[in-house]
Structure formats: C-alpha cells, structure tokens
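Add chains F and Y to chain S, keeping to what the hints say.
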Amino acid sequence: MRFMMLMIPKGYEKAAPGTLPDPKAVAAMMKYNESLQKAGILLGLDGLHPPSAGARVSFSGGKPSVTDGPFAEAKEALGGYWMIQVRSREEAVEWASRCPASDNEVIEIRQVFEMSDFPSDTSAR
Amino acid sequence: MRFMVAIRANTTTEAGGPMPSTELLEAMGKFNEEMVKAGVMLSAEGLHPSSKGALVKFSGGKHRVIDGPFAEAKELIAGFWILQVKSKEEAIDWASRCPGGHGEVDHFGGEFDIEVRQVFEAEDFGAEFTPELRAQEERLRDQIAQKK
Amino acid sequence: MTAPDVHRTIDAVWRIESPKLIAGLARMVHDIGTAEDLAHDALVAALEQWPASGIPDNPAAWLMAAAKHRAIDRFRREKRLEQKHVELGRELEARQDMAALDLEAALDDDIGDDLLRLVFTACHPVLPTEARVALTLRLLGGLTTNEIARAFLISEPTVAQRIVRAKRTLADKHVPFEVPRGAERVARLSSVLEVLYLIFNEGYTATAGDDWTRPSLCEEALRLGRILAELVAQEPEAHGLVALMEIQASRLGARVGSSGEPILLLDQNRSRWDQLLIRRGLAALDRAQALGLSPGPYVLQAAIAACHARAQAAEDTDWERIAALYATLAALTPSPIVELNRAVALAMAFGPQAGLDLLDTLRSEPSLKAYHLLPSVRGDLLFKLERLDEARVEFERAADLTRNVRERELLLQRAASTQPGGGRSRGPNR
Chain S
1 MRFMMLMIPK GYEKAAPGTL PDPKAVAAMM KYNESLQKAG ILLGLDGLHP
51 PSAGARVSFS GGKPSVTDGP FAEAKEALGG YWMIQVRSRE EAVEWASRCP
101 ASDNEVIEIR QVFEMSDFPS DTSAR
Chain F
1001 MRFMVAIRAN TTTEAGGPMP STELLEAMGK FNEEMVKAGV MLSAEGLHPS
1051 SKGALVKFSG GKHRVIDGPF AEAKELIAGF WILQVKSKEE AIDWASRCPG
1101 GHGEVDHFGG EFDIEVRQVF EAEDFGAEFT PELRAQEERL RDQIAQKK
Chain Y
2001 MTAPDVHRTI DAVWRIESPK LIAGLARMVH DIGTAEDLAH DALVAALEQW
2051 PASGIPDNPA AWLMAAAKHR AIDRFRREKR LEQKHVELGR ELEARQDMAA
2101 LDLEAALDDD IGDDLLRLVF TACHPVLPTE ARVALTLRLL GGLTTNEIAR
2151 AFLISEPTVA QRIVRAKRTL ADKHVPFEVP RGAERVARLS SVLEVLYLIF
2201 NEGYTATAGD DWTRPSLCEE ALRLGRILAE LVAQEPEAHG LVALMEIQAS
2251 RLGARVGSSG EPILLLDQNR SRWDQLLIRR GLAALDRAQA LGLSPGPYVL
2301 QAAIAACHAR AQAAEDTDWE RIAALYATLA ALTPSPIVEL NRAVALAMAF
2351 GPQAGLDLLD TLRSEPSLKA YHLLPSVRGD LLFKLERLDE ARVEFERAAD
2401 LTRNVREREL LLQRAASTQP GGGRSRGPNR
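Residue numbers (our numbering), protein chains in the order written: chain S, 1 to 125; chain F, 1001 to 1148; chain Y, 2001 to 2430.
Just chain S, same shape as in the assembly:
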C-alpha cells in the first residue's frame, strides 16, 4: 500500500518566498529520511516552496484563471511530503509518528490510489 505523509508546518501559509527551514531541523529530518530509505519503504520525498511563491489555477465555466500566491483565505499550507510503501495504514501512522517534527507541526496521512483500484484497461491496442 502506498501512503503520502504530508507535512503541514504551522504558519507556512503566511511564509514569504525564499523562507528556508532551520538547519538543525533539516539535519534531524535527513536522519529520519535515511531511516525510511534504509527500511526500503521510501518512494519519494520533496520540500515545497511556500504558497507565496506559487500560483493557483481555478477552473470555472470551462475557463482557467491564474492567481499568484499567497492566498489570504488559506489556513494552512503543505510544506513537503514523503511517499512510502508499507503493508498497512497502521505502519504508515507508526512511521509518521517517528518523524522528528517540531511542536505544532501536523502530518497528514493519505492513502494513494494504485492501478489496482481502477478498472482494468480496455484500451490495449
């Protein structure tokens, strides 16, 4: 089973472009990342620049419109993610709970759709 661990750092929705994480936190996080890698379960990971450096594409009535960040109404923002491959939801939760997250950080765990969740292919040539 695949799961995303989405890191939601408090206040990141208000962070200015170019905000960097604290180096001590980065070092601790890298140790954690290596533990995931050594356990053979880490499929991928990334940190994200704050929304103030991003954009939103809104579709309405068949037309896209683009707005630059930040987005005043957002109460939180994704700071980064890990994608892991584990044998159960509880295992994903256990790994997430081992993350050296700081106080007031939240990790959202979401199961990832796999091909087996979708109907078999009818479009083979």
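One should not assume that every hint holds.
[Claimed, not checked] With a Cα cut of at most 25 Å, we get these calculated DSS-like pairs of lysine-lysine: (1) S:K10 / F:K1052; (2) S:K24 / S:K10; (3) S:K31 / F:K1057.
Treat the hints as calculated values from the structure; they're not laboratory data.
Bear in mind that the values here come from a model prediction, so they are computed numbers and not experimental data.
Below, chains F and Y alone, put in the same frame as chain S:
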C-alpha cells in the same frame, strides 16, 4: 525546476465516489501520456479521501493520532503531479490543460482548483545548508531517484 | 486508542522492528531458532503491557530489553552456562537498570551488519530454495505462516514444516551467523538475489482474483531488495535486481485486460506504466553501472527492461541494443531461454530471418523440447516471412505443448489465421 501541481479536494473527492467516468479516466490517461512524451512527467498520484487517512499532531515531544475525515476547513489535495519544467509558467501552462477544465469532459462539473508549488532543490538552501548536508541530500536523492 | 487499534499498531511496530530484533538476538545467541523464540517472547510481553502503558518512545529498545530479560530467564531455568550464555548473563548482570542502557546506539552500530547476517543466513544455499523463501519471508518480511501459505498457494502445515526443518538444518550444519567474505561472497549474494527474485516473480504472476497476499509479494521483494541494496551498496548486482524489479513492477497496472486476460508487453497501454517506479528503476540501474564493474546477469536484465521502459511507444524500442544485451547475457549465463529472447530481439531489429537463423541452432536443444515458446516464436517469424504452412505447423505444435488454456486458444487462432479467411492474427510480441 520541479513543481508539484496539485488538484485541490472538494466534496466530490472527499465523498470517495462515484468512480471517475471512463471518459474522464481516458482523458486523464491521454493527458498523462502527453506529459510523459514531453518529458515533463515525474509522477502522477491520486489520493483516497481523507476519511481513509489520519492526522499525526506533535506537541511537547509527544504525538497523537486523529483518524479522518478531517472536518475543519483544510487545504486538502485530491491528487497531484510532479513535473520537471523550465519555468513556473510552463508548470502553470500544463496545469491549465488539465482535463475537465474546458468542458470537454466532465470533471467536478468544471469547477475545481489546481495549486502550483515549486519543489526545493539542494541549491535552494544556500549557505545554511552545509556542504556535508548538501552532499548527503544529493546522495539520498540519487538513491531514491529524485533527480533534477 | 481502542484495543483493536492498539493491537494493529503493535502489529505494525512488530513488522517494522522484528527483523532487526531477531538479527541482533541471533548474533548474541548464534541460533536463529532461539533468536526468533526470544523475539516472540518479547512480542508477547509487548501485547500484554503496551495496551495499558502505551507504545514506548523507543519500541526497538524496549523489545530488545524484553527479549534479553526472557533470555536470562530461560538460561537460568535451563542452567546452561555455555560461553555465549555466560557472556549474555554477565552483560546483563553488570547493568542494574535496563532503562539506562544506551541500547539505541548499540542497536544502530550493529543493525546493518546484523540484518545482513540474517539475510545471508536465511538464504544459505545449504537450504532448499523453498525453505530459503519461507525463512526469508518469515524472518525478514515478518509474514505469518498463514500469509506465506496463501501467497504460495500451499498449505500452512507445509510452510510451518519447511521453516522448522530449515532452522534445524542451519543448527545441525552449524551454519555460522555471519556475512560471507571473499570468494564465497559472490555465490552467497547470488543465492540471496535468487530468493528475492523468486518471491517477486511469484507475485508478478499472480492474477486478478488471487488472494491479496500474492501480488503483495512484489512489494515485499522490492522492499527487501531495497534494504539489501543499502546494506551492500558496493554490489552492482543488488542494484541491478532492484532496478529490474522496479521496472517490472511499473507495468503491473498494464498487464491485465478487462476480462483478466494477460496483455503482452508490446501491446500494453504505456500510460498505465508507473513513471515513478520507472524512474526509480533507471536510477538503481545508474547506481549499478556507476560502480564501474562489468555487468552481471541482473544488471543486464535490468538494462533490457530499461530499454522497454524508455520507449514511449512499442515502435520506439531499441531492439538492437536489446539484442546486444541478450548476447552479453548469453555469454555470461548461457541458457536456451536467453537465446530464444535474443532471437526475438534480433528479428525485431534485423528482420525475421535473423531471428530464425538463431532459432535453428536451438532446434535440438533438449531443455526446449517441451517449451511451447520455441515453436510459438518460430511460427511468428515464419508467418512474417509468409511461410504460412510452416507457420501453421509450429503454432499447432506450440498449442499442443502449452498447458495454459488461453495461450492454447491464442495459438490455435494464429494457426487458423494462416489459412485464407482464417481470421485476424496478432503477433505474440514477446
């Protein structure tokens, strides 16, 4: 440059159904194919609704687990792509071509949002990122195929 | 947390920690069976205490301490004072407060080596292959006897027996709990890789409707492969195997049609190939090749798989490169199957006659006499050269040899298509 292009969740995705129509699945498949052919697609994933998920909250050195769904207004995502492109504009351009946004196939009734967020690369971290940490980061990225 | 929640969490912690726990204990007591028993004693203690006390901050340390306590109890009961037990007893008696033990550091230092020792021991060539598979899945995968049985479509008692016998054999033959070095290492590593690939292929051939434990074998093999590749990062074949499995796994979503029929690689909808896994596979292949040694069989097979993975469409496949890779593979591990695949690649690269020429050299090969793919491929190449009567004979022979009902139908269809008005024919495209 790499970008996360994420479809924001809504009541439909959170309800966990109905299954996307064959037309939508095919349109998404073609869209993914185009991005693969263009050499920009690094990954594409859909997320189960938050009802199947959990939150882990950290405080005072301890953690607690709260099962989904997440009732409060949140910045939930329903799926995402990681794209490798030359600019933010290019990422936005691809996002704008997402199936369902132009009435050609039904996707959330044509009303949905996509967020475009730049992904950190090692060099973004500048001086604070010591050479050792940077080397470690590069090594890890090589190992897990997070190449630029 | 409710009681069932706690139990599922303990289960998850066990799945994460048990291989390292067993590995560490095996190093101390020099016996896998005893190590597993002690580890299970620790699990029992956890199941008794954690629902009330909560999951400890360092579950690995807690379990190891519990296992050591149980070990002391056992040895005192048995009144045995062999050297290893004396060491263990002395070590524990010297430390009054278990909580003060800096177990975390001790575990970290030895974990990699211990885990590697466990991998090599579970895959020891003195054990029959199916025993190595069962022991690996049990000790390194944490699978229950029941799960292993369902995954391999055999009975639970059979699996239980295999594991018991395997542990007894390792003890009887005094197999040392160590990482092989020097000349022995290549063969021993090969034995490990063989086990992992076997597990992977068992999962890969699972069909829709099979027990969930079967396709999950692919994930398990991949996970164990990735762990191994970290532990023996200097071994290109380990990365090669991981690359091969990642790339093959990338196709899992495209291999089966809507009525459960298998879809051959060249016919698959490539937009259903998992790009993340392809990228991971190509990166693992890079890692293997960056070590600069001449490629071994897994690296070569991975390179072949990579050729397919890189092709946007079947028509874009670099068949010449694939043919060349098969030639290198054939020189390394001569096998009629490899030659057969090489013939297919040659035909795709240089035309059907090139493939036929190679196939002709295989006609008297005894191990291929009952292998349906030989006449099947031959039939296809003859068909492409419009030698229809000869093609029909080959297809009928292939249909005769195959035990797979669907395959037989397809081959008979192809035979029929050689007659005028005999229907549309599609290449097997292996």
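Each hint, compared with the structure:
| no. | hint | result |
| --- | --- | --- |
| 1 | S:K10 / F:K1052 | 23 Å, holds |
| 2 | S:K24 / S:K10 | 18 Å, holds |
| 3 | S:K31 / F:K1057 | 20 Å, holds |
Every hint from the earlier list agrees with this structure, and none is contradicted.
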